[in-house]
Structure formats: structure tokens, C-alpha cells
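Using the sequences plus the hints, can you model the full thing?
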Amino acid sequence: MKVTKPARSWLIDFSILALIWGASFLFIAVAGNTLPPIGVTFFRMAFGALALFVLIKLAKQRIPLTAKALAHTFVAGLVMSAIPFTLFAYAELHVSSGLAGMVNAATPVMTVLAIMIAFRDQKPTRVQILGLSVGILGTLVLLGVWQGFGENDPLAIGALILATICYGFGGPYIRKFVSPLGLPNQVAVFLQLITATIVTLPIYLFTGPLLTGTPDWASISSMVILGVFGTGIAYVIYYRIIDAAGSTIASSVTIVQPVVAVVLGMLLLQETLNWFEVVGGLVIILGAMIAQGRVRFIR
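Residues 1 to 299, numbered by this note's numbering, are exactly what the sequence shown covers, in order.
Worth flagging that the hints you see were computed from the coordinates, not collected in a lab. Any given hint might turn out to be false.
[Unchecked claim] Now the in silico label distances, taken between C-beta atoms and shown as ranges:
(1) L282 <-> S221: 46 to 56 Å
(2) M266 <-> W217: 16 to 26 Å
(3) I220 <-> F276: 14 to 24 Å
(4) F276 <-> L130: 15 to 25 Å
(5) K68 <-> V199: 15 to 25 Å
(6) L137 <-> L65: 42 to 52 Å
(7) W217 <-> A118: 27 to 37 Å
[What the hints assert, rightly or not] Distance condition first, Cα-Cα at most 30 Å in a straight line; then the derived DSBU-like pairs of lysine-lysine:
(8) K176 <-> K60
(9) K57 <-> K68
(10) K57 <-> K176
(11) K176 <-> K68
Backbone N, C-alpha and C define an ideal beta-carbon position, used for all residues, glycine too.
Here's what the structure looks like:
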């Protein structure tokens, strides 16, 4: 098992990724005004794969097409891209982008469960478990769980939870099966995205409308940004964090990103922000700091 590197070696990547993925919920909501959920997924992955292909060619890196590399990146593409992307795009037709970002904060819990059940070689530390628990408590406060679903569609909430389960399984899977392949991060992510894009294309073409609205500058630019930065570049950063700090730390980025998602949704989409969302957001940040070892405990 790899040894976790000092926090300073991955903390900048962690912060950048939280901002990128936090903003992604806004772009998903805007793109969903023009494309069906599977369409958002297809173009998101296609633009991400295209951006990475350009980077790979500029760096003169080789793209291996071995059965082992394709098999493991294909599985990663399904559980980290195709399935959760579609579920989030569907859910955001019925719930706010801020709420989607909040529910996504459950990913670290799913990661810990996946590690305990299927990936026991990546055992989380007690401090990480404490930090994740505090983060999840903050998420529950932020959601206002004592109010139930309220006006939110239970199917949409279920889709969000299923998406976090996919992410929870995907992180440890990448560390155990994809990272040992020794591929450059952008090559590994490219294979993940291109295999998932190929699988998604016929589903998009033959299972429903290609468009659900008239494309405009906002939806097109949102789709490009979501693909290039929110998918291609973001996953390269995510792989780097997994390599440097492990899947438990990498998954804890989802504890921070709800704050970004809520603020952007409130400012740009006129989504409302309640007092308990502010309190929950602060508790979430505390949980992330504990998980990263930035909070010292007196013994």
C-alpha cells in the first residue's frame, strides 16, 4: 500500500478540485435546459476526452490499448463517469444544483464502506473516519433532514444517492486496479472517458430526444466548460490526489464542494439559502480539515 504524502503535496490540488467540481453542478443545471440527461453525460465525457487527447498528443505520450488497461479503465469509466453523470443530470431536472452538491457530500461515507467491504488494503485511519463523520453530520444539517424531502422528488434524491455509491466504489477501484498500471494520469482518464463515451453514444442516439430545448450561448459554454474542466482536467487532478494521499482523502473533496455549489446556485440561479445550510457548510469544512490532518488533537 502506498504511503500518504505530506498534505502540502496535494492540498493545492484538493482545493482546486473542490472549486471545479463544486461549480460543475451549476453547469449541469444550465446544460440540462437544452439536453436530456444522457446527452449531458455524452457531451461532458466527449469534450473531456477531446481535451485530454490534445494534452496527450502535445506531451507525446503513448496510449496503451492492452486488454488489462482497457478493462480496468472501462469499469472506472462506468462507475466514475457514465452512470453517476447521468444520474446527476436527471436529478437536477427536479432538485436544485445546491442540493445536488450537498447530497454528493455523502461520497466519503460510501468510500469508507467500499474500502471496508471490498478494498480492505486501503484501511482508513481513525482520524479520517472522524473527519468524514463530522463532514457527514454537517451534510445532514445542511440538508435540513428534520424537514424530510419537502418539495424534492424522492426519485431524484434516490438518483443522487446512487450516484454517490458509484463514486464511493470508483475511488478505491482506481487506486487498486488503475493506478498500478503505471499510466500517466491524463492517459488513464482519457481511456476512462473515451470507453464510457463510446458506450453512451448509441444510448443517447436511440433512446430519446437529442435536444430538449434550443441551444444558446449559456448551455453550449456550460457544456464545454463542464467537459473540459469539470471532467477532463478535474479527473487528472483527482487521480493525482489518489496517488498522493489515497482514495479516502480524495473522496473527502466532496465534503467541501457543496459550499461552492450552494453559493453559486444562490448567486447565479437564484436558489435560496437557509440558515441551516450556512451552519452545515461550516461543519462540513471542519470535517474536511480533520480528515486532512489539519486539526491537531491534544492527547
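Quick rundown of the hints versus the structure:
Distance hint check for L282 and S221: the Cβ-Cβ separation is about 32 Å, which falls outside the suggested range of 46 to 56 Å. Between M266 and W217 the C-beta distance comes to about 22 Å, which sits within the given range of 16 to 26 Å. Taking the beta carbon of each, I220 and F276 are about 36 Å apart, not inside 14 to 24 Å as hinted. Distance hint check: the CB atoms of F276 and L130 are about 22 Å apart, consistent with the given range 15 to 25 Å.
For K68 and V199, the hinted distance range of 15 to 25 Å is satisfied, since their beta carbons lie about 18 Å from each other. For the pair L137 and L65, the beta carbons lie near 46 Å from each other, so the given range of 42 to 52 Å is met. In this structure, W217 and A118 break the distance hint of 27 to 37 Å, their C-beta atoms being roughly 44 Å apart. Between K176 and K60, the direct Cα distance comes to roughly 27 Å. Compliance with the 30 Å bound is thereby established for this hinted pair.
Distance restraint check for K57 and K68: the Cα-Cα separation of roughly 22 Å lies within the 30 Å cut-off, and the hinted pair is therefore satisfied. Between K57 and K176, the direct Cα distance comes to roughly 27 Å. Compliance with the 30 Å bound is thereby established for this hinted pair. A threshold of 30 Å between alpha carbons decides the hint, and for K176 with K68 the separation of about 13 Å falls inside it, so the pair holds.
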